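*Asks:* Here are the chains, one letter per residue:
Number of protein chains: 6
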Amino acid sequence: MEKIAIFPGSFDPFTVGHESIVRRSVSLFDTIIVAVGVHSGKQPLMSVASRVAMINEVFRNDEKITCASFEGLTVDFCRKVNANYMLRGIRTAADFEYERAIAQINKKMLPEVESVFLLTNPEHTPVNSTIIRDIIRNGGDASQFLPEHIDITKYL
Amino acid sequence: MEKIAIFPGSFDPFTVGHESIVRRSVSLFDTIIVAVGVHSGKQPLMSVASRVAMINEVFRNDEKITCASFEGLTVDFCRKVNANYMLRGIRTAADFEYERAIAQINKKMLPEVESVFLLTNPEHTPVNSTIIRDIIRNGGDASQFLPEHIDITKYL
Amino acid sequence: MEKIAIFPGSFDPFTVGHESIVRRSVSLFDTIIVAVGVHSGKQPLMSVASRVAMINEVFRNDEKITCASFEGLTVDFCRKVNANYMLRGIRTAADFEYERAIAQINKKMLPEVESVFLLTNPEHTPVNSTIIRDIIRNGGDASQFLPEHIDITKYL
Amino acid sequence: MEKIAIFPGSFDPFTVGHESIVRRSVSLFDTIIVAVGVHSGKQPLMSVASRVAMINEVFRNDEKITCASFEGLTVDFCRKVNANYMLRGIRTAADFEYERAIAQINKKMLPEVESVFLLTNPEHTPVNSTIIRDIIRNGGDASQFLPEHIDITKYL
Amino acid sequence: MEKIAIFPGSFDPFTVGHESIVRRSVSLFDTIIVAVGVHSGKQPLMSVASRVAMINEVFRNDEKITCASFEGLTVDFCRKVNANYMLRGIRTAADFEYERAIAQINKKMLPEVESVFLLTNPEHTPVNSTIIRDIIRNGGDASQFLPEHIDITKYL
Amino acid sequence: MEKIAIFPGSFDPFTVGHESIVRRSVSLFDTIIVAVGVHSGKQPLMSVASRVAMINEVFRNDEKITCASFEGLTVDFCRKVNANYMLRGIRTAADFEYERAIAQINKKMLPEVESVFLLTNPEHTPVNSTIIRDIIRNGGDASQFLPEHIDITKYL
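For the protein sequence lines, the chains are A, B, C, D, E and F, in the order given. Letter by letter, the first sequence follows residues 1 to 156 in this note's numbering. Letter by letter, the second sequence follows residues 1 to 156 in this note's numbering. Letter by letter, the third sequence follows residues 1 to 156 in this note's numbering. Letter by letter, the fourth sequence follows residues 1 to 156 in this note's numbering. Letter by letter, the fifth sequence follows residues 1 to 156 in this note's numbering. Letter by letter, the sixth sequence follows residues 1 to 156 in this note's numbering.
These are calculated hints, taken from the structure and not from any lab test. These figures come from a predicted structure and were not determined experimentally. Glycine included, each C-beta is placed from N, C-alpha and C at the ideal position. Mixed in with the good hints, there may be bad ones.
Some chain E residues close to chain F (C-beta under 10 Å, calculated; not the full set) [stated by the list, open to error]:
no., residue
1, Glu63
2, Leu73
3, Tyr98
4, Arg100
5, Ala103
6, Lys108
7, Met109
8, Glu112
For lysine to aspartate or glutamate, the following EDC-like pairs were computed, each having C-alpha atoms within a straight-line distance of at most 16 Å [as the list claims (entries may be wrong)]:
no., chain 1, residue 1, chain 2, residue 2
9, C, Lys107, E, Glu123
10, D, Lys108, A, Asp141
11, A, Lys108, B, Asp141
12, D, Lys107, F, Glu2
13, F, Lys108, C, Asp134
14, B, Lys107, D, Asp141
15, F, Lys107, D, Glu123
16, F, Lys108, C, Asp151
17, B, Lys80, B, Glu2
18, C, Lys3, B, Asp30
19, E, Lys108, F, Asp134
20, C, Lys154, C, Asp141
21, B, Lys108, D, Glu123
22, D, Lys3, F, Glu2
23, E, Lys80, E, Glu112
24, B, Lys64, B, Glu19
25, E, Lys64, E, Asp30
26, D, Lys108, A, Glu123
27, E, Lys107, F, Asp141
28, C, Lys108, E, Asp134
29, D, Lys107, A, Asp141
Generate the whole structure from the sequences, applying the supplied hints.
*Replies:* This is the structure:
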């Protein structure tokens, strides 16, 4: 059976920490779909289309990695793309509690999809999108926290 | 002295986890008042009246358990109904930190009311109202996370 | 039905934090049995008999509170004394994780006994027996962390 | 080299816990600047000017302690006032995870500024501005959680 | 490249929680080696040989799953068996902190081996070998926490 | 008043993480005494004398940093050397809970000494002496986790 994993998130923006999780786990799966969730409500930094475009640029040389956006429940998107794994990174104990609740509920709703976790590398532990977004909004230089060779200003 | 406990929360919606905490602790108290707090601000899934109606249906055969809504501080509601205990469930370490702060502040403001905690059963650990609300809003089937025999659509 | 709670622990020594939990919850139960668990292995500061004697002195004026020692599983001691509740205090998130595992396993082994938790008062949060034991062993003055009017040297 | 620390926060309101951190660390530094961050978005309880005025009243007899407001990134404010330290208090493990991410990112952006932490005294552990703000908004008496001799109603 | 994972642990005893992690992840790998670490020091409940025998019985019908014991560093055992993944289960935030440190150190020592994590199912969260060992040592019935159809008394 | 800080610990062995905390905080104090606590009980990897010798080598060019060993309570050692600060590093939320209890108890016993904390740099988060000791005992190469230019074999 083909191993299809989705890597769901808001990715506003996609950081060097996200990139690292995908690259470290690519050998585990046949396909990884970076899945940009569309949430109404809070004002995003980047449009969904910009996020998808930027992620596609990051992985433009990786045939196994694609990017798509989705609305609604993550389990419904898994059904739609025939994913059998969800991939997530965990940085801290606070992340862990949240990820556990989500993974256990998803497992109850769609038992055939397994959630698989990698722990972020130490140097990526403090990198989270909320902090990075705040730096960019205040005109700071966030390039060290973003994938290499990516010019975020092209996507804002 | 009569033992009156309130079980305060938003209950948007009231889940199978909430129900379990109330049922497991009913023998400790003479009366448990499920107290639906009214918070302005974020857009709720269910109206306060619907939440009270649903909770009343869940416990329609339990004379010791009633439901009411309240505005303002929980300690003021305790004074109003002569409660001497607050009952709360704790699922995770993240919950714990928040519950501890609230309980300790309440104790400072109203020392004669004691906060009593039960820990959720393992199978209810991931069930929290935020996740369940998200499932319902996206058209998913959340019935396994709600009290048995309750048709949530009647209350939306 | 009579409400009998055990308050199990090592109590080497019994601290002002333990005392507070018992006193704050005494109105909830008809009887509280402070249950000193006998563990082989690590070298204790106080003998089990000394711990029982000291706890009895602390509560000598409280008819509802007794003290006993026990060997073996806590659930077996509950069966022996017909307890229907276990009482525990929680100080920190680290405590919480441990207490949750124990309570959930006990619930699986003896479903009719419910574990009930109080959170320690803020000033007692740092008081744990390991640290207090270390102070006493090194000749420090630990009296502010022990029940009032108790002379620990009588029990060493 | 002069030791200049900023103590950044929202301080809506400034609590007895914040005051304690500043007073306990004043001997470590030549100057402490309590730095009120201006955030757009959520509706504050107190205006920024009121917060600065209240903090100035609290420390009116302390020459080493001043107060200022700032917009934008905390590292940029450090540069502006030549601060070489950031001072922060930590209450709980949940605080810790957040503080660690912020401190590590700030260190990456401005390596010459060191973040220094004190842990709150036990009695201040549950005091956080969100809870205190909620008490004040609901007409409760929060004076025991605010600096002594401060009449908050003057600043609302 | 063949995907070989080791699942290292003490497994004293191997529980229903361990079994679940292995079964849920078996489709991810070509081979899973349950690797029983030999630690001097604390007195075990079961001999290493008994642990291996019991685990072999649990997975006697699963060709992809084998069991072996090892001494020394886990990274050295990975080198010996050409493993490219380490598999671990995480139950709680307390587990998480420990697992993260181990995984990050292992990654530094042997970068080509990736640690992959599954989170335990809710009902297995409280099941840890220390508690189960304590039940067995005190003559309690731990069968509900052990793999089905396994008679632990054969292995003690 | 002279600012004298002790940096207490077991330091078995002293790691690159410990070194970083001392170097990052040296500008805050007039003197830092690295204080090697002597604990009976568990079998150490290095003798106390070796640990002191190694730490003295690490800081041989830093006049403000000295090293000493002590027995008994840390607060008693503070009194002996007239320290007015204790310096500690915190890596994780698990560390935090322990450090908080120790710091708050020390503050109760010796209020004039303040505990000051730095958070470890991200790359040092997983480095703890227990894991490093285990690597060395099993013949692994731990040099990347130890202070630069230190040959640990000289001290074993």
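*Asks:* It remains to establish, for every hint, whether it holds in the given structure.
*Replies:* Against the structure, the hints:
For E:Glu63, the suggested interface contact is broken, since its CB lies about 32 Å from the closest CB of chain F, more than 10 Å. This hint holds: E:Leu73 has a C-beta 5 Å from the nearest C-beta of chain F, less than the 10 Å allowed. The restraint placing E:Tyr98 at the interface with chain F holds, with a minimum CB-CB distance near 8 Å, inside the 10 Å limit. The beta carbon of E:Arg100 comes within 7 Å of a beta carbon in chain F, closer than 10 Å, and the hint placing it at the interface holds.
With a least beta-carbon distance of about 8 Å to chain F, the hint placing E:Ala103 at the interface is held under the 10 Å criterion. Of the supplied interface hints, the one on E:Lys108 holds, with its beta-carbon coming within about 6 Å of a beta-carbon of chain F, less than 10 Å. The closest approach between the C-beta of E:Met109 and any C-beta of chain F is roughly 7 Å, which is under the 10 Å cut-off, so the hint is satisfied. For E:Glu112, the suggested interface contact is broken, since its CB lies about 16 Å from the closest CB of chain F, more than 10 Å.
Between C:Lys107 and E:Glu123 the alpha-carbon distance is near 12 Å, which keeps this suggested pair within the 16 Å criterion. With a C-alpha separation of about 11 Å, the suggested pair D:Lys108 and A:Asp141 falls inside the 16 Å cut-off, and the hint holds. Taking the CA atoms of A:Lys108 and B:Asp141, the gap is near 11 Å; set against the 16 Å cutoff, the hint holds. Only pairs whose Cα atoms come within 16 Å are accepted, and D:Lys107 paired with F:Glu2 is rejected, the gap being roughly 28 Å.
Between F:Lys108 and C:Asp134 the CA atoms are separated by roughly 15 Å; this keeps the pair inside 16 Å, and the hint holds. For the hint pairing B:Lys107 with D:Asp141, the CA-to-CA distance comes to about 13 Å; that is within 16 Å, so the pair holds. Restraint check for F:Lys107 and D:Glu123: the C-alpha separation of about 13 Å stays at or below 16 Å, so the hint holds. Only pairs whose Cα atoms come within 16 Å are accepted, and F:Lys108 paired with C:Asp151 is rejected, the gap being roughly 19 Å.
A C-alpha spacing of about 15 Å is found between B:Lys80 and B:Glu2, which places the hinted pair at or below 16 Å, so the restraint holds. Restraint check for C:Lys3 and B:Asp30: satisfied, since their Cα atoms lie roughly 13 Å apart, inside the 16 Å limit. Of the supplied pair hints, the one linking E:Lys108 and F:Asp134 holds, its CA atoms being roughly 15 Å apart against a limit of 16 Å. Distance hint between C:Lys154 and C:Asp141 is fulfilled; the C-alpha atoms sit about 14 Å from each other, no more than 16 Å.
Between B:Lys108 and D:Glu123 the CA atoms are separated by roughly 10 Å; this keeps the pair inside 16 Å, and the hint holds. For the hint pairing D:Lys3 with F:Glu2, the CA-to-CA distance comes to about 15 Å; that is within 16 Å, so the pair holds. Between E:Lys80 and E:Glu112 the alpha-carbon distance is near 14 Å, which keeps this suggested pair within the 16 Å criterion. Distance hint between B:Lys64 and B:Glu19 is fulfilled; the C-alpha atoms sit about 14 Å from each other, no more than 16 Å.
For the hint linking E:Lys64 to E:Asp30, the alpha-carbon distance of about 6 Å falls within 16 Å, and the restraint holds. For the suggested pair D:Lys108 and A:Glu123, the alpha carbons sit about 10 Å apart, so the restraint of at most 16 Å is met. The suggested pairing of E:Lys107 with F:Asp141 holds, with an alpha-carbon distance near 13 Å, which does not exceed 16 Å. Distance restraint check for C:Lys108 and E:Asp134: the Cα-Cα separation of roughly 15 Å lies within the 16 Å cut-off, and the hinted pair is therefore satisfied.
Among the hinted pairs, D:Lys107 with A:Asp141 is consistent with the structure: their alpha-carbon atoms are about 13 Å apart, no more than 16 Å.
Violation of the numbered hints given earlier is confined to hints 1, 8, 12 and 16; the remaining hints are satisfied by the structure.
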